[in-house]
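**Q** Take a look at the letters that make up each chain.
There are 2 protein chains.
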Amino acid sequence: MNIRCLIDKTIKNQKPELVLKNGKIVNVFTHEIIDKDIAIHNGMIIGIGQYDGEQNIDLDGKYVAPGLIDAHVHIESSMLSPQEFSKAIVPRGTTTIIADPHEIGNVCGLDGIEYILDSTEDLALDTYIMLPSCVPATNFENSGAVLKAQDLEKFINHPRVLGLGELMNYPGVINKDSDVLDKLELTYRNDKIVDGHAPGVCGEGLNAYILSGVSTDHECSAKEEMLEKLRLGMNVLVREGSAAKDLKNLIQGLTVYNSHRVMFCTDDKHPEDLLKDGHIDYNVRLAIENGVDPITAIQMATINPATCYNLKRVGAIAPGYKANIIVFDNLKDFNIEEVYKDGKLVAKDKTALFTTETKKCDKVINTVHLTSISKENIQIDLNKDEVNVIQLQPHSLITKKVMRKVDIKENKFEYTKGSDILKLAVIERHKNTKNVGLGLVENFKLQDGAIATTIAHDSHNIIVVGDNDEDILNAVNEVIKMGGGIAISSSNTILDSLQLKIGGLMSDRDINYVNDKFSNLIDIAYNKLHVNKDIDPFLTLAFLALPVIPDIKLTDKGLFDVVNFDFIEI
Amino acid sequence: MNIRCLIDKTIKNQKPELVLKNGKIVNVFTHEIIDKDIAIHNGMIIGIGQYDGEQNIDLDGKYVAPGLIDAHVHIESSMLSPQEFSKAIVPRGTTTIIADPHEIGNVCGLDGIEYILDSTEDLALDTYIMLPSCVPATNFENSGAVLKAQDLEKFINHPRVLGLGELMNYPGVINKDSDVLDKLELTYRNDKIVDGHAPGVCGEGLNAYILSGVSTDHECSAKEEMLEKLRLGMNVLVREGSAAKDLKNLIQGLTVYNSHRVMFCTDDKHPEDLLKDGHIDYNVRLAIENGVDPITAIQMATINPATCYNLKRVGAIAPGYKANIIVFDNLKDFNIEEVYKDGKLVAKDKTALFTTETKKCDKVINTVHLTSISKENIQIDLNKDEVNVIQLQPHSLITKKVMRKVDIKENKFEYTKGSDILKLAVIERHKNTKNVGLGLVENFKLQDGAIATTIAHDSHNIIVVGDNDEDILNAVNEVIKMGGGIAISSSNTILDSLQLKIGGLMSDRDINYVNDKFSNLIDIAYNKLHVNKDIDPFLTLAFLALPVIPDIKLTDKGLFDVVNFDFIEI
Chain A
8 MNIRCLIDKT IKNQKPELVL KNGKIVNVFT HEIIDKDIAI HNGMIIGIGQ
58 YDGEQNIDLD GKYVAPGLID AHVHIESSML SPQEFSKAIV PRGTTTIIAD
108 PHEIGNVCGL DGIEYILDST EDLALDTYIM LPSCVPATNF ENSGAVLKAQ
158 DLEKFINHPR VLGLGELMNY PGVINKDSDV LDKLELTYRN DKIVDGHAPG
208 VCGEGLNAYI LSGVSTDHEC SAKEEMLEKL RLGMNVLVRE GSAAKDLKNL
258 IQGLTVYNSH RVMFCTDDKH PEDLLKDGHI DYNVRLAIEN GVDPITAIQM
308 ATINPATCYN LKRVGAIAPG YKANIIVFDN LKDFNIEEVY KDGKLVAKDK
358 TALFTTETKK CDKVINTVHL TSISKENIQI DLNKDEVNVI QLQPHSLITK
408 KVMRKVDIKE NKFEYTKGSD ILKLAVIERH KNTKNVGLGL VENFKLQDGA
458 IATTIAHDSH NIIVVGDNDE DILNAVNEVI KMGGGIAISS SNTILDSLQL
508 KIGGLMSDRD INYVNDKFSN LIDIAYNKLH VNKDIDPFLT LAFLALPVIP
558 DIKLTDKGLF DVVNFDFIEI
Chain B
8 MNIRCLIDKT IKNQKPELVL KNGKIVNVFT HEIIDKDIAI HNGMIIGIGQ
58 YDGEQNIDLD GKYVAPGLID AHVHIESSML SPQEFSKAIV PRGTTTIIAD
108 PHEIGNVCGL DGIEYILDST EDLALDTYIM LPSCVPATNF ENSGAVLKAQ
158 DLEKFINHPR VLGLGELMNY PGVINKDSDV LDKLELTYRN DKIVDGHAPG
208 VCGEGLNAYI LSGVSTDHEC SAKEEMLEKL RLGMNVLVRE GSAAKDLKNL
258 IQGLTVYNSH RVMFCTDDKH PEDLLKDGHI DYNVRLAIEN GVDPITAIQM
308 ATINPATCYN LKRVGAIAPG YKANIIVFDN LKDFNIEEVY KDGKLVAKDK
358 TALFTTETKK CDKVINTVHL TSISKENIQI DLNKDEVNVI QLQPHSLITK
408 KVMRKVDIKE NKFEYTKGSD ILKLAVIERH KNTKNVGLGL VENFKLQDGA
458 IATTIAHDSH NIIVVGDNDE DILNAVNEVI KMGGGIAISS SNTILDSLQL
508 KIGGLMSDRD INYVNDKFSN LIDIAYNKLH VNKDIDPFLT LAFLALPVIP
558 DIKLTDKGLF DVVNFDFIEI
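Chains A and B are the protein sequences, given in the same order.
This note's numbering puts the first residue of the first sequence at 8, with every later residue one more than the last.
This note's numbering puts the first residue of the second sequence at 8, with every later residue one more than the last.
So that you can see chain A by itself, here it is in the shape it has in the complex (with noise of 0.2 Å):
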């Protein structure tokens, strides 16, 4: 910042370049609606008060506020590249994220922080980073990084890194990990920020985790969660994404005293609800709605996160502070009209006004390492007709080991036309290793066809499920062929796909595009191969190879029983 040159603009020796004239300010220090001019310079608001500037505009009584932050994101579970994200969030209000690359860093490791780093360096969204904390999710599974403490120490200190991002792992901490300690340990030592994932944990377990310096948590679900997290000293992110929809049984343990303690995220959202929802701005509408005061609601999304994370000169408009501040109708609708970001108006009536090129970055392309699978691969031997099969539960990502009476052919598994037993494969496509885990899979009640996927969670292996291994090995080769992505098959026949050239997650086209093509994919899914409506094809397919979420999932390595916390024979 030069000082000298804002200086004589403040105090009027000079006029500043522009100031925004009649708004109602959010005062998200004080919590009052100001009126009075805000003049800006070189980006960065100057002064508050009576002001006149180069050019002057007139707001005409609108309100006004810094810009919103969401204080945890997966960029990758839009789909989109961070140029194509920012065009989508900045419209909303969203001038600030604090970003986890976890999906990219467990498929290309630092170079996937590297891109997600470059990508976001000139954007029109600040975007603070954390380094993923768990790459692999667990040892059960072969992911396309293992990042170590060591690893991390290349950018604990980059700029716009504010530390180490969700520790799922628990356990580690209570075991003491060295692998855990050691990358918390990093982050101590460079005075940084370990972001929390702690969901249902509670008790003296809970005193551990924090006690270890874990400072903030986004899985709550309940009021009391939240209430035990913040009497211990957390920070706690209300989430309302696409998947986990938590605000409005948080909101209900919000009180003037502890509010300033809590902020939004939105941690995965998916390009329909952006377009349809907004991002964190729907996350105060919808608090709104549900009773919390504007104003504290406003507070979430600005100043409380900016304080959490340590983040100067954002989230409040006052001098010093970066201009990123949204224009909006009034404080029941909060209808985002404009945004300025770093002075200038970036958006308007949720249009970018703003160009950005997908950076094109060779490490993060063509990450999937195999050319082609074939029939040998997907067999699954049996030498009984008794087995193991993965149950679906409806709008659940938690499955059922059940026992199930199948057909066999030589030894091996037999389609059985009209049975809601299907083929699950999980094919490891990081280190070309040729590992193929296999399972089967009920009611997910696919026909004649099948759906290959490269986002696979968290590894990222290419996940198939099918009905006939013509259909699996045509969808599972269209992946490879695409570089990444999704794709259906039906009759040997593509029906559909979308191409994830970004590390199989990400596509390098815009939200349009993308939200076109996944709305028609799904589509097809539900109505030509008749997928089951009480489950979300994609998000459920990408689940089932997790193997932390109860009961069995299946990796690259094998069928997992996670009761157990042990591989199983099918």
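No lab work stands behind these hints: they were computed from the structure.
Keep in mind it's a predicted model, so treat the numbers as computed, not measured.
Glycine included, C-beta positions come from ideal geometry on N, C-alpha and C.
Don't take each hint at face value.
To be verified - With a cut-off of at most 20 Å between alpha-carbon atoms, the simulated SDA-like pairs for lysine to any residue come out as follows: (1) Lys199(A) / Tyr195(B); (2) Lys183(B) / Asn49(A); (3) Lys319(A) / Ile41(B); (4) Lys230(A) / Ile41(B); (5) Lys43(B) / Arg238(A); (6) Lys183(A) / Cys12(B).
Said to hold, decoys possible - Stretch by stretch, here's where chain A covers chain B in the computed footprint (C-beta under 8 Å, at least three residues): (7) 211 to 221; (8) 237 to 248; (9) 260 to 273; (10) 406 to 419.
Stated by the list, open to error - Facing chain B, a subset of chain A residues (Cβ under 10 Å, in silico): (11) Tyr58; (12) Leu237; (13) Asn317.
Given the structure of chain A, go ahead and fit chain B onto it with the hints provided.
**A** Same frame as chain A, now just chain B:
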């Protein structure tokens, strides 16, 4: 922090050293009272819940809060060494201070700062330092040191240095004074904080001051002033010390929404007040007495300053925080009965249970660098009998410039028996420049004697007032002989004196000794020398040397007209 060794105690695999049971914990995060055990190990709070320790202490339903924090204090004003200061304030519940060694910095420069840092290294009082920003206070005087940005750089990254101390030079900011801006830039470059000092500054000037990066202010005296500063993003320190008493005014502006950005400080507190009223506990008590919610008042003395100054691990009772804990009777009287520091009981019933020795440091003693003065040094040459006289105002540090007729003998000022026009001298004592500033003062009303002291803001030269040259010389020479301190002479006899060995500012004796001596000196001043009871003999004298308080002051360089900001003739 060794996480590994503590986790086992938290999850109860092993017993923690100490558990405080049956206390009512003031939860400063959520503004609640919580009935739970506090488990402590290795000086740290490791769990809040139900615990069993090697030692269990029953608190019998008493209240428990975090140790208190003084957000801004000059230790030197207590006239005590840091060690003796800690013995005086820790029993009153203060376990953390943010000290600005501005006074000793003016006398000893970097050596003075180093002395304070070294002396506070192992105290039962966590001591953070703000580096003095204005040494010397002005260019119109000779101080013991000049501290530029490049000098301060030596300590800016000391682990207990938080930033730059109160930036009094507000005009320096507005005028883009290089010296000031260099210090600001040094501070930001190292990601540190700048404390403000902006009494009455408002409007565009305040905007510019805040724009320059100043983030706190402890000089508000009116509610509206506080609210303006809060609205513009400052954190406000509510001061209640020996001289400035702002608390009752400022708490009128507290709201449930802004109080978490407001905290307490003492700034300057004398031994008598420390003994009589206490320290920050007094601010809390006074706030409660005047209607502030008790938990809010405790937050203002704990988590609020900890958050503002980004002090990790102090200011709350929660896992991972230092076991700095006070035990008190009730939320009305706030009578602190026990103080734990790093898990050890260090004070009980307002008495320190620890010993600590004042550190010997050659660099801060023998700071009076002149041998003696003689009659010729203090003669006032006059060629007219109508002269400028400093007129004291009752209960104020502001003076008036008045013209008075005086007696002249051989072109020199001549005392008139029974007149209230006294001789005032400021004698440079740091570098033996032989500078003596001479002036005349009215309303001090001293008779038959002289008072001399090395406490003379901010340069701390020797200042002396008297109605005859013999006592002036005798008092000054006594101060020189002591190597700094306060002395009163009458009829050429020293009636009493207080040696202030450390920088001429601080004694190496304990608070009771210093207070007894100082009380006796006050008693002598009022009752034997008949000093005007509407002024404080020592405070008034000390501030007669500070050329930034209107209207007329005296430095070692001469009589200074503060209104026209220039020297004038007598």
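**Q** Against each hint, give a clear statement of whether it holds in the structure.
**A** Evaluated hints:
For the suggested pair Lys199(A) and Tyr195(B), the alpha carbons sit about 18 Å apart, so the restraint of at most 20 Å is met. Restraint check for Lys183(B) and Asn49(A): satisfied, since their Cα atoms lie roughly 18 Å apart, inside the 20 Å limit. A distance of roughly 33 Å separates the Cα atoms of Lys319(A) and Ile41(B); the hinted pair therefore is violated under the 20 Å criterion. Simply put, Lys230(A) and Ile41(B) have alpha-carbon atoms about 17 Å apart, close enough for the 20 Å limit, and the pair holds.
Of the supplied pair hints, the one linking Lys43(B) and Arg238(A) holds, its CA atoms being roughly 11 Å apart against a limit of 20 Å. As the CA atoms of Lys183(A) and Cys12(B) are separated by approximately 9 Å, the hinted pair is consistent with the 20 Å bound. Given a C-beta distance limit of less than 8 Å, the hint that chain A covers the segment 211 to 221 of chain B holds, as 8 residues qualify and 3 suffice. Counting residues of the segment 237 to 248 of chain B whose CB lies closer than 8 Å to any CB of chain A gives 4, so the stated coverage by that chain holds, three being the minimum.
With 6 residues having a beta carbon nearer than 8 Å to a beta carbon of chain A, the segment 260 to 273 of chain B meets the requirement of three or more and the stated coverage holds. Counting residues of the segment 406 to 419 of chain B whose CB lies closer than 8 Å to any CB of chain A gives 0, which falls below the minimum of 3, so the coverage claim is violated. Below 10 Å, beta-carbon pairs count as interface contacts, and Tyr58(A) has one with chain B at about 8 Å; its hint therefore holds. Below 10 Å, beta-carbon pairs count as interface contacts, and Leu237(A) has one with chain B at about 5 Å; its hint therefore holds.
Look at Asn317(A): its Cβ gets to within about 7 Å of chain B, closer than 10 Å, so that hint holds up.
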